[in-house]
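*Asks:* Heads up: the protein sequence lines correspond to chains F and P, in order.
For the first sequence, position 25 (counting from the first letter as 1) is numbered 25 according to the working numbering, and the numbering increases by one without interruption.
For the second sequence, position 19 (counting from the first letter as 1) is numbered 19 according to the working numbering, and the numbering increases by one without interruption.
Worth flagging that the hints you see were computed from the coordinates, not collected in a lab.
Please note: incorrect hints may appear among the correct ones.
Claimed, not checked - Derived BS3-like pairs: lysine-lysine, alpha-carbon spacing no greater than 27 Å straight-line: (1) F:77 with P:133; (2) P:96 with P:107; (3) F:184 with F:204; (4) F:110 with P:133; (5) P:111 with F:77; (6) P:107 with P:135; (7) F:77 with P:115; (8) P:111 with P:133; (9) P:111 with P:96.
Bear in mind the structure is a predicted one, so any value in this text is a computation, not a measurement.
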Amino acid sequence: MRNWLSHQFLPLFLLTALFAGHLIHAQITQGGSEDSSASTYRSSASEVRLVFFVTDEHSYPAEPVQQDDFAVVDNEKVIRDFRSFTHADLISLDVIVLIDSSESVLPHFKEEIADVQQLISQSPWNPEDKLSVLSFSGMGAQIVCSGDCRSSLIAHRIASLSAGGATPLFDALAVTARILIERKQPDVWPVIILFSDGDDTISKASFHEALQKIRASEAEVYAIDLNPPGQASNGIATLQRISDDSGGRRLGIGEGAVGIFNGVISDLHSARVVTYALPESGSTFHSVRIFPTRNLTLQFRCRRGYYRSGSSHSEDSQ
Amino acid sequence: MSHRFPLIFLFCTFPALLAGQIGIYQHGTVVRMHMGECIGSGHGFMVAFGGPSTPMSAEPCPEYTLVSDQVVFVIVGRMSNSLIPLAQTIDFRLHKNEVAVRVDDAKHEAKFAIKEMMVRSDWDRVQRHIAEKMKDSEDHESEVRLR
């Protein structure tokens, strides 16, 4: 009987012991692989997220655009393999309106204030959108309201702004970009609407420092040009460069608040988001451009570059 | 007058149509692009010794690295808007020391000056070397960061 029992249970016991051994080994190995994958993730996983706009030869939003209609040129490398490609319809806005209240814009100051008020009160904002207003003149920028500028009390505060003094445009842009970087969230689109003539007279920050900060914030700049139409100036060139570099646009004050917001909104509706693996590169700054793969009449607009994660500008790319 | 337009159209599109039908196009992929210095229409001896010629455009011209089966070309557009569609595969042919690229589904060709040429196997070897160097420096960078 004992022999019969040992014959029956010994193989079972051996089998169980063998499985237990395998199980323990598997768990140890799995733990080890988890550790190694975690360290790999920390060191190298990275993705570039690019918001862009497509228009046809008449500057109207182009529809429909497919994933194989364009290629990204990232630091000279042509990228056609994308991780995702979607419409940017559902993202909310974090808008900072920058009001130039220096002496140089005095002739247009009332018009500028009226446009800002109209932009705030009459634009179809979403409940999740954040709106802030900063004014700049003299030695720096002052926050008029932050995040909650759609109340009627704010309109009164904006109306009471006075103009005069020097123009710290680049300092104001740097401060604005820093605010946007500090409160950056995924799926929130940072936008700067800058009312200015583009002339800087007193900033500590240089033009390139301001540009670098804006790139780091990933904000699109819509520059509302306060210069008289049909005139060429350094200020206009500055506004054009800032808006082009960020993927935004320069619009004339003559277009009015409705035209300005319509421009921003039409961009928002036609915006697409593409993501791709961060390409290898020796430099921390990556320049980016988007070009068509077939139809050369399509125009693509996006920010001109980003900073690689892991560099001193690690907040800039995901 | 009404007969002239079809004739002009035929004259412009004939080389591309003919090349397409004869099948002399090679296939390649653009792997790199950057905006660089333009190459003047006249080059070589005449430019070096012929005194000042037509002023060069202030805008940069697009420069492409075009990889085909056997040869890798670095080609430069004549103007800032001389663009190649960046599709996976493009059709091109060599024509009088230039590269003619088929644009817009063979409606016409765009001509590009050849800046450099390299045998594909040599180019592949250089690319592998660059990738290894890049990986080494990235590994070193991440080691330093972890320390």
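*Asks:* Taking the hints in turn, state whether each one holds.
*Replies:* Here's how the hints hold up against the structure:
1. Taking the CA atoms of residue 77 of chain F and residue 133 of chain P, the gap is about 17 Å. The hint holds against a cut of 27 Å.
2. Using a Cα cut-off of 27 Å, the hinted pair residue 96 of chain P and residue 107 of chain P holds, with the two alpha carbons roughly 20 Å apart.
3. Simply put, residue 184 of chain F and residue 204 of chain F have alpha-carbon atoms about 25 Å apart, close enough for the 27 Å limit, and the pair holds.
4. Taking the CA atoms of residue 110 of chain F and residue 133 of chain P, the gap is near 59 Å; set against the 27 Å cutoff, the hint is violated.
5. Annotation: proposed proximity of residue 111 of chain P to residue 77 of chain F holds, straight-line Cα distance about 22 Å (limit 27 Å).
6. With a C-alpha separation of about 43 Å, the suggested pair residue 107 of chain P and residue 135 of chain P falls outside the 27 Å cut-off, and the hint is violated.
7. With a C-alpha separation of about 18 Å, the suggested pair residue 77 of chain F and residue 115 of chain P falls inside the 27 Å cut-off, and the hint holds.
8. A threshold of 27 Å between alpha carbons decides the hint, and for residue 111 of chain P with residue 133 of chain P the separation of about 35 Å lies outside it, so the pair is violated.
9. Among the hinted pairs, residue 111 of chain P with residue 96 of chain P is consistent with the structure: their alpha-carbon atoms are about 10 Å apart, no more than 27 Å.
Of the numbered hints stated above, those contradicted by the structure are hints 4, 6 and 8, listed in ascending order.
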